[in-house]
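Here is how the chains run, residue by residue.
Protein chains: 2
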Amino acid sequence: MSEDQIHASIITIGDEILVGQTIDTNSAWIAAQLNLLGISVREIISISDKAEAIVEALNRELTLSKLVFITGGLGPTQDDITKKTLCDFFNDELVIDTKILGRIEDYFNSMKRPVLEVHRMQAALPKKAKIIENQLGTASGMWFKKDGASIISLPGVPYEMKGLMEQILPSLKTEYPLGDFYHKTLLLQGIGETTLAQNIAEIETDCRNSGIGVAYLPSPGIVKLRLSGTSLQKQKIEESLQKIKASHAEFAFGQESDTLESVIGDLLRKLKATVGSVESCTGGALAAKLVSVSGSSDYYKGSLVSYAYELKENLVGVDANLINTHGAVSKECVEQMATKGLKILNVDYCIATSGIAGPAGGTPEKPVGTVWIAIAGKAGVSSKVHYFKHNRERNIDLTVVYALNMLRRTLSN
Amino acid sequence: MSEDQIHASIITIGDEILVGQTIDTNSAWIAAQLNLLGISVREIISISDKAEAIVEALNRELTLSKLVFITGGLGPTQDDITKKTLCDFFNDELVIDTKILGRIEDYFNSMKRPVLEVHRMQAALPKKAKIIENQLGTASGMWFKKDGASIISLPGVPYEMKGLMEQILPSLKTEYPLGDFYHKTLLLQGIGETTLAQNIAEIETDCRNSGIGVAYLPSPGIVKLRLSGTSLQKQKIEESLQKIKASHAEFAFGQESDTLESVIGDLLRKLKATVGSVESCTGGALAAKLVSVSGSSDYYKGSLVSYAYELKENLVGVDANLINTHGAVSKECVEQMATKGLKILNVDYCIATSGIAGPAGGTPEKPVGTVWIAIAGKAGVSSKVHYFKHNRERNIDLTVVYALNMLRRTLSN
Chain A
457 MSEDQIHASI ITIGDEILVG QTIDTNSAWI AAQLNLLGIS VREIISISDK AEAIVEALNR
517 ELTLSKLVFI TGGLGPTQDD ITKKTLCDFF NDELVIDTKI LGRIEDYFNS MKRPVLEVHR
577 MQAALPKKAK IIENQLGTAS GMWFKKDGAS IISLPGVPYE MKGLMEQILP SLKTEYPLGD
637 FYHKTLLLQG IGETTLAQNI AEIETDCRNS GIGVAYLPSP GIVKLRLSGT SLQKQKIEES
697 LQKIKASHAE FAFGQESDTL ESVIGDLLRK LKATVGSVES CTGGALAAKL VSVSGSSDYY
757 KGSLVSYAYE LKENLVGVDA NLINTHGAVS KECVEQMATK GLKILNVDYC IATSGIAGPA
817 GGTPEKPVGT VWIAIAGKAG VSSKVHYFKH NRERNIDLTV VYALNMLRRT LSN
Chain B
457 MSEDQIHASI ITIGDEILVG QTIDTNSAWI AAQLNLLGIS VREIISISDK AEAIVEALNR
517 ELTLSKLVFI TGGLGPTQDD ITKKTLCDFF NDELVIDTKI LGRIEDYFNS MKRPVLEVHR
577 MQAALPKKAK IIENQLGTAS GMWFKKDGAS IISLPGVPYE MKGLMEQILP SLKTEYPLGD
637 FYHKTLLLQG IGETTLAQNI AEIETDCRNS GIGVAYLPSP GIVKLRLSGT SLQKQKIEES
697 LQKIKASHAE FAFGQESDTL ESVIGDLLRK LKATVGSVES CTGGALAAKL VSVSGSSDYY
757 KGSLVSYAYE LKENLVGVDA NLINTHGAVS KECVEQMATK GLKILNVDYC IATSGIAGPA
817 GGTPEKPVGT VWIAIAGKAG VSSKVHYFKH NRERNIDLTV VYALNMLRRT LSN
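Chains as they are written, first to last, in this note's numbering: chain A, 457 to 869; chain B, 457 to 869.
Same shape as in the complex, but just chain A:
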């Protein structure tokens, strides 16, 4: 990264985070926005709502970053001391902002709620700071400046914070010479972080040698491979990812914010095809994932969850002898589930799952984590067995992503 790159720090204020009652989602959102501007985040720190903790963190982060974002502690209650503390820190004084006061009074009147003194005090704001109006609440944003650094204080309520950031982000571009930053992420399913790393060792070393950052971001069944550098490295970054994508076609399903279910949706729309599922061990989780995409009614029609043997036979129509001979967790059973599903659900493609999610139900021949997945279509049916080694929840999650990628590959061919 270039020397003149602008760095940022994010300080989250609030005991609710330190006691684990609240997960800090604000920082990730802010960090993502800043990265898109080429601002790299040095540190994210969550501290208690005590003046000394705030001052100490502020001093520390100002040594690391030109931009310091602070969220939280701007409410009207006694334990919200950020405003007062920042005011002291910058030798500023609080004065009533009549415009903001008007907005606050309108806000409460419109809700037919009384305007209390604590609410009016939300309009008492630091004189020297640039005030950013909050259209969604009573806590204003405050932009302080000191020795070329910006300290921006925002409310902790996520949608209020985001509303203010939408106003602030454009100004950052004009206020700072943003070092340019370019990154691209390739998404792969069904290949381990380590195997991938071995396969692409040469490309990775080559990238690192030319100053391109390489990061593996794993999530259940999926690896996100991110290359990051500057716009001067744009071509090399894209060519490198292209190479990796080409040599890992069966795994590489998308990039950036793609999801398997959204990619599948796009493929099905292109093909004007419909899909459904017949599920045992996933118990509807596969269907739920397909439905999670807005507009999925364009291609998703429905599913059968045949968890009990009885329903595999009576509802899906799997041959009872077949189950007695091979068991419900078998190639034969899952393929019949998929092919029967095609007709019952009247779809072009049907995914079927049958496995032992655990912790109970395992046998020496079929240990916990044994899962069969089948996909049936006009071209026929194909199936694959997997051996997952995790807890129930994870085994189900993995079955879903492996099934989705199997469908994606079927649709891509």
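Don't take each hint at face value.
For chains that are exact copies, the list does not tell them apart, and a pair is met inside one copy or across any two.
Calculated cross-link-like contacts (lysine to aspartate or glutamate; reagent style DMTMM-like; alpha-carbon spacing at most 20 Å) [as the list claims (entries may be wrong)]:
1. 799 <-> 769
2. 583 <-> 553
3. 522 <-> 603
4. 680 <-> 660
5. 728 <-> 754
Note that these hints are calculated values from the structure, not bench results.
Using the hints, position chain B against chain A.
Chain B alone, transformed into the frame defined by chain A:
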């Protein structure tokens, strides 16, 4: 807080957090667990996976806290440098732990996957650190000690981290003089935090006056009410929660780590009854929740996901005229879905959902978030409409918890 209170810091290592690609959920979970032991968290800090950043953060947090938890950076790839960095920091050396190596090899063999050199290197561990075995992955936990302080390094994969913490938390009690604490949590569904607070204002004040902490922990559709004090206040804490439970029977579904689906499972087992679902807007998410409970095959048989109108008619057998007259999102339709499901799935109870999850599909009479839920049983069918006001994902999640609590109440009567 007493003077001799033990403080902790949490360091999260990984660029994926600083670029906003991953939300740090680990720290909140760890903080919550530590708080239950009376350990207060001073600071949570997310840093880059660079050696100097790790060393710098470690030095800093050791001045603040006796306990420092580190998550992330323990993967086998080039960008995971935590182990090496900690080893240098504590002047330790990496040696192959043959027991761990054996586990890693078994792990890959059982998955029928090759054991690569990078995997074997996961068994190279610091000589002086106490190694905590990871049953769910290849990255071991490492417990370093320095001048009475503990530095505990854990993998960033949440369920692996949790598995290791379950082993570590009990040891903390024996290693450090932790205060005596007593907590109890009541779980309620379908009542807002503010309404609950108003209803129990007297009890809450009474608790606070006698030094019992009262915390509201909201999650989608659910409020967790936690009372915390010392073992001397055990009786008062339990009596207070009993009072609240009695006056909020329709909302209070459990305590501590109960879930709606686990409570429902226990009720169905007691009644020797079976359940299934016929889902539209939830698209299988309700079934998936019921199946998420280990051993759910004792009472859960299966589901129909009739997302398309065509399947509501042909698969479930809902009267076409009924849909034309009232629409699919209606009392009439959802009740017929539930009653038809009883027979098709051959279950004692059937839950049905039909609604508009959004963002598309809303009308003035039926805005996005309109959801009908019905439950059919031998005693007949009942239904209820809800108007959720959130995004697609949240509307579906809320439908699931409201449906589950409606079933719980039916089973409890």
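- Query: Looking back at the hints listed earlier, which ones does the structure fail to meet?
  - Reply: none
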